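A.B. asks: Got chain A sorted already, so can you dock chain B onto it with the hints?
Note that the protein sequences, when read in sequence, are chains A and B.
Each residue of the first sequence is one higher than the one before, starting from 1 at the first, in UniProt numbering.
Each residue of the second sequence is one higher than the one before, starting from 1 at the first, in UniProt numbering.
Don't read these hints as lab results, they were simulated from the structure.
Treat the numbers as computed from the prediction; the structure is a model and nothing was measured.
Built from N, CA and C at the ideal position, the CB exists for glycine as well.
Mixed in with the good hints there might be a few duds.
[What the hints assert, rightly or not] Label pairs and their in silico Cβ distance ranges:
#1 A:LYS343 - B:TRP94: 49 to 55 Å
#2 B:GLU5 - A:TYR45: 31 to 37 Å
#3 A:ASP48 - B:LEU70: 27 to 33 Å
#4 A:GLY344 - B:LEU72: 51 to 57 Å
#5 B:GLY41 - A:ASP48: 35 to 41 Å
#6 A:ASP48 - B:TRP94: 42 to 48 Å
#7 B:ALA54 - A:PRO145: 38 to 44 Å
#8 B:LEU70 - A:ILE107: 26 to 32 Å
#9 B:ALA54 - A:ASP186: 37 to 43 Å
#10 B:TRP94 - A:TYR45: 38 to 44 Å
#11 A:CYS5 - B:LEU70: 28 to 34 Å
#12 B:GLN58 - A:ASP69: 42 to 48 Å
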Amino acid sequence: MDTICDLYLSDKHTQHTWQAFLEQRGITNFNAQEVSTIDQTIGLYNADNQLVGTGSIANNIIKFVAVCDRDAETKGARFNQVISELTNRLGAQGIFHQFVFTKPAYIDSFKYVGFQLLGATEQGAILEKGMPNIKDYLAQIPKFPAAKKVAGIVMNANPFTNGHRFLVAEAAKQNDVVYVFVVNADVSLFSTAERLQLVIEGTRDLPNVVVVNGQDYLVSFVSFPAYFIKDNDAIIRYQTELDASIFKQQIAPALGITARYLGSEPLSHTTALYNASLERILAPDIAVKILPRLTNGPQVISASYVRQLIKTGNLSDLDGLIPPTTVTFIHNNLLTLQSRISKGQNINGN
Amino acid sequence: MEIKETAMAGTLESSDIQIMLSAGTNGYEFELESDVAKQFGDQIKATITNVLEAYDIQNAKISVVDKGALDLVIKARALTAVQRALGIVDTPNWEVM
Numbered sequence: 001m002d003t004i005c006d007l008y009l010s011d012k013h014t015q016h017t018w019q020a021f022l023e024q025r026g027i028t029n030f031n032a033q034e035v036s037t038i039d040q041t042i043g044l045y046n047a048d049n050q051l052v053g054t055g056s057i058a059n060n061i062i063k064f065v066a067v068c069d070r071d072a073e074t075k076g077a078r079f080n081q082v083i084s085e086l087t088n089r090l091g092a093q094g095i096f097h098q099f100v101f102t103k104p105a106y107i108d109s110f111k112y113v114g115f116q117l118l119g120a121t122e123q124g125a126i127l128e129k130g131m132p133n134i135k136d137y138l139a140q141i142p143k144f145p146a147a148k149k150v151a152g153i154v155m156n157a158n159p160f161t162n163g164h165r166f167l168v169a170e171a172a173k174q175n176d177v178v179y180v181f182v183v184n185a186d187v188s189l190f191s192t193a194e195r196l197q198l199v200i201e202g203t204r205d206l207p208n209v210v211v212v213n214g215q216d217y218l219v220s221f222v223s224f225p226a227y228f229i230k231d232n233d234a235i236i237r238y239q240t241e242l243d244a245s246i247f248k249q250q251i252a253p254a255l256g257i258t259a260r261y262l263g264s265e266p267l268s269h270t271t272a273l274y275n276a277s278l279e280r281i282l283a284p285d286i287a288v289k290i291l292p293r294l295t296n297g298p299q300v301i302s303a304s305y306v307r308q309l310i311k312t313g314n315l316s317d318l319d320g321l322i323p324p325t326t327v328t329f330i331h332n333n334l335l336t337l338q339s340r341i342s343k344g345q346n347i348n349g350n
Numbered sequence: 001m002e003i004k005e006t007a008m009a010g011t012l013e014s015s016d017i018q019i020m021l022s023a024g025t026n027g028y029e030f031e032l033e034s035d036v037a038k039q040f041g042d043q044i045k046a047t048i049t050n051v052l053e054a055y056d057i058q059n060a061k062i063s064v065v066d067k068g069a070l071d072l073v074i075k076a077r078a079l080t081a082v083q084r085a086l087g088i089v090d091t092p093n094w095e096v097m
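Chain A extracted, bound-state conformation:
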């Protein structure tokens, strides 16, 4: 009979054993970013007190899962036991919507324990379990079956600038319906609610634009953490391709989206890699249209520059960079925004 124990990775010896076990089973990425976010790790031990399985949870994500089926009663039993324990532990914390990243070879194993595939590339796959799931998410978005040309745009809009506005307006001209997905992560200077509100207000005069929250499915902490935390190029590529595959395999077909609009990216390295992944994964099924960035004089309009101006308080320089709705919001909330910056909110990332 196998038993489950907690593994405390802060103990050097435990971590060494754990890492060796995973490495023998082909898991090799132990960079600090991946390991330090782990909340809990469990180990499965056989009657001889040997480690025969392990798995970890980090927020709502199951990761570092490996089992050894040698001497097991039935094939797959240990895997089920590990996943069962992890899903129950997440459930005990009130987390019933769970994700897992795995290799494409293990998609079926996770499907057997109730996970559903969100997206898959040659390198990886992302699956979810629980509720509310992608079906619930897609069900609450308004749909336009009669529309012939439907486009999608994903933006953080931190905050909504004339550059964003230009991209949305161009897409609105060229399509019957445009969905604008706003990134759902409260790690930016402007909160999700504020960013959503500014996008809605800034596009109110465009009747064929629908603004929706991207939830966990578009550039989120789940699908694309490197957007928010710096990481190396290989990891960014892995994550962005998965993010693009969720868009292609789940979101676009459900909403009838045939084109995705992007702004060209001369400034942010991560976003430039994301754009490249989108072109690689989405085309040719979904047209990827990259529009040149709107400029104000010699400089491209960027939300990051707007944040710098908020920090220094040079509000007169905001002219021409942001629409009136965003201007009003910044004027009314300048002190709140500045105090967030002085409390350590990073404004140099995305």
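C.D. replies: Below, chain B alone, put in the same frame as chain A:
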């Protein structure tokens, strides 16, 4: 009765069943994963439906991963999931049991 919070009961081990309940708006909406769904899918759903009806729950989303559980196990797991979802774990409804 309305489901107050999402709740789960059971495991993914052989001969067990994992049932997750959450608030719904459209009757009982089942999602069932089971190797024997073809043979016993309807019966598994019927057993869970009976428990939900006994607690007078009208709407629920029910996500089920069955690993070959017997009827009494299904009933027991459904009862636990319902009690957790209704927040009445400490005051079981003996009439239903």
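A.B. asks: Does each hint hold? Answer for all of them.
C.D. replies: Hint check results:
Look at A:LYS343 against B:TRP94: about 54 Å separates their beta carbons, and that is inside 49 to 55 Å. In this structure the supplied range 31 to 37 Å holds for B:GLU5 paired with A:TYR45, their Cβ-Cβ distance being about 33 Å. In this structure, A:ASP48 and B:LEU70 meet the distance hint of 27 to 33 Å, their C-beta atoms being roughly 32 Å apart. Between A:GLY344 and B:LEU72 the CB atoms are about 56 Å apart, so this pair conforms to the stated range of 51 to 57 Å.
Judged by the Cβ atoms, the range 35 to 41 Å given for B:GLY41 and A:ASP48 holds: they are separated by roughly 40 Å. In this structure, A:ASP48 and B:TRP94 meet the distance hint of 42 to 48 Å, their C-beta atoms being roughly 45 Å apart. Between B:ALA54 and A:PRO145 the C-beta distance comes to about 40 Å, which sits within the given range of 38 to 44 Å. A hinted range of 26 to 32 Å holds for the C-beta pair B:LEU70 and A:ILE107, which are about 29 Å apart.
Against the hinted window of 37 to 43 Å, the Cβ-Cβ separation of B:ALA54 and A:ASP186 comes to about 41 Å, which satisfies the hint. B:TRP94 and A:TYR45 have their C-beta atoms about 39 Å apart, which keeps the hinted 38 to 44 Å range intact. The hinted range of 28 to 34 Å is satisfied by A:CYS5 and B:LEU70, whose Cβ atoms lie roughly 29 Å apart. B:GLN58 and A:ASP69 have their C-beta atoms about 44 Å apart, which keeps the hinted 42 to 48 Å range intact.
In summary, the structure agrees with every hint in the numbered list given earlier.
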